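Asker: Sequence:
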Amino acid sequence: MSEPARLQDHPNWKYLLQEFDTLYRMGSSGGSPTIRSHRKRVRDRLSNAMKSNPVIQENPSQSLPVTAHLPRALDLGERGAMQGMARALREVAPKLEWVYGYEKLPKSLIKKYAYCEVLGPRGPVHADNLIIGFVLFAPATTYPQHSHTEIEESYISVSGSWSENNAAVFAPGSLILNTPGSKHRITTGDIDPCLLAYAWTGPIERLVAPDMNFSRK
110 MSEPARLQDH PNWKYLLQEF DTLYRMGSSG GSPTIRSHRK RVRDRLSNAM
160 KSNPVIQENP SQSLPVTAHL PRALDLGERG AMQGMARALR EVAPKLEWVY
210 GYEKLPKSLI KKYAYCEVLG PRGPVHADNL IIGFVLFAPA TTYPQHSHTE
260 IEESYISVSG SWSENNAAVF APGSLILNTP GSKHRITTGD IDPCLLAYAW
310 TGPIERLVAP DMNFSRK
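Under this note's numbering, read the sequence shown as residues 110 to 326, first letter to last.
Source of the hints: derived by calculation from the structure; they are not laboratory data.
Values in this document were obtained by computation on a predicted structure and should not be read as measured data.
Take these hints with a grain of salt, some might be off.
Simulated restraints, written as ranges between beta carbons of each label pair [what the hints assert, rightly or not]:
#1 R315 / R294: 17 to 23 Å
#2 N162 / S217: 40 to 46 Å
#3 R294 / R115: 20 to 26 Å
#4 S217 / K149: 19 to 25 Å
#5 R145 / N168: 16 to 22 Å
#6 S217 / D184: 22 to 28 Å
#7 K213 / N162: 21 to 27 Å
#8 Q192 / S137: 32 to 38 Å
#9 D184 / N322: 31 to 37 Å
#10 Q117 / K216: 40 to 46 Å
Under the rule of at most 30 Å between Cα atoms (straight-line distance), these lysine-lysine pairs were calculated in the DSS-like manner [to be verified]:
#11 K216 / K160
#12 K123 / K160
#13 K123 / K216
#14 K149 / K160
#15 K149 / K123
In this text, a Cβ means the ideal position worked out from N, Cα and C, and glycines have one as well.
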C-alpha cells in the first residue's frame with residue numbers, strides 16, 4: 110500500500126498556505142494589541158500545522174451558484190495588493206469544496222454566498238486548532254447578522270469592497286477582527302463580487318462543530 114500524499118507532495122496547497130502565513134506575519138495590526146495577539150495565534154498555529162506535513166484529504170470538489178463569480182473575483186485580486194493570494198488560489202480552485210454551512214439558509218443567499226475551508230478539521234489540509242479558508246459573495250449581497258460562539262474570526266479582503274455593521278468600507282488587504290460572540294453583518298458593493306480570506310481560532314471542539322446560525326431579529 111502506498112503512503113498517503115502529504116502537504117509537501119502538493120506544492121500548490123503549500124504555496125497557498127504560505128500566502129496566508131505572509132498575510133498574518135507581515136501585515137500590520139494597526140496598533141491594536143488585540144489584533145496583534147490574534148495574528149500571532151493564527152500564524153503560530155498555521156506554522157505548526159505546516160511543519161507537521163499533514164496528510165492531504167481528497168475532499169470532493171463542489172461548486173455552488175455563487176462560484177460563477179469566482180473567476181471575476183480572482184481577476185480583480187490579481188490586479189491589486191492581494192495578487193499573490195489570488196494567483197495561489199486560482200491554482201487550487203478546481204479542487205475546492207464550496208458549501209453553505211447553515212442548515213437553514215435564507216433564499217436570498219442561495220445564489221450569493223458560499224465558503225470553502227482550506228485548512229481545518231474538514232479541509233483538504235488537516236488541522237485541529239485553526240481553520241482558514243475563503244468566503245465568496247456576489248455583488249449587492251447582504252449577509253445577515255450573526256455571531257460565533259467561542260470562535261475568534263478575522264477577515265482579510267482579497268478582492269471587492271465590503272462593509273461590516275455599516276461602519277466602514279474595506280478594500281483589498283484590509284483586516285477586520287470579530288471577537289467571540291460579537292454580532293456582525295456584512296454588505297458588499299453593487300458592481301463586483303467580494304472575496305474574503307478568513308481565519309478562525311478557538312477550542313478544538315468548537316472548530317469541529319461551529320454551530321453556524323444567524324442571529325434572531
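Asker: With reference to the structure, classify each hint as holding or not holding.
Answerer: So, going through the hints one by one against the coordinates:
1. One distance hint, 17 to 23 Å for the beta-carbon pair R315 and R294, holds here, with the actual separation near 22 Å.
2. One distance hint, 40 to 46 Å for the beta-carbon pair N162 and S217, holds here, with the actual separation near 42 Å.
3. Checking the proposed 20 to 26 Å range against R294 and R115 shows it is violated: the Cβ atoms sit about 40 Å from each other.
4. The beta-carbon spacing between S217 and K149, approximately 37 Å, falls outside the hinted interval of 19 to 25 Å.
5. Restraint check, R145 to N168: a C-beta distance of roughly 33 Å breaks the suggested window 16 to 22 Å.
6. Between S217 and D184 the beta carbon distance is about 26 Å. The supplied range of 22 to 28 Å therefore holds.
7. Take K213 and N162: their Cβ atoms lie about 38 Å apart, and the range 21 to 27 Å is violated.
8. A beta carbon spacing of about 18 Å between Q192 and S137 contradicts the range 32 to 38 Å that was offered as a hint.
9. Separation of D184 from N322 is about 34 Å and conforms to the stated range, judged on CB atoms against 31 to 37 Å.
10. The hint said 40 to 46 Å for the Cβ distance between Q117 and K216, and at roughly 43 Å that hint holds.
11. Proposed proximity of K216 and K160 is contradicted: the alpha carbons are some 42 Å apart, above 30 Å.
12. Restraint check for K123 and K160: the C-alpha separation of about 11 Å stays at or below 30 Å, so the hint holds.
13. Taking the CA atoms of K123 and K216, the gap is near 36 Å; set against the 30 Å cutoff, the hint is violated.
14. For the given pair, K149 sits about 16 Å from K160 by alpha-carbon distance, which is consistent with the 30 Å threshold.
15. Restraint check: the Cα-Cα separation between K149 and K123 comes to about 19 Å, which is no more than 30 Å; the hinted pair holds.
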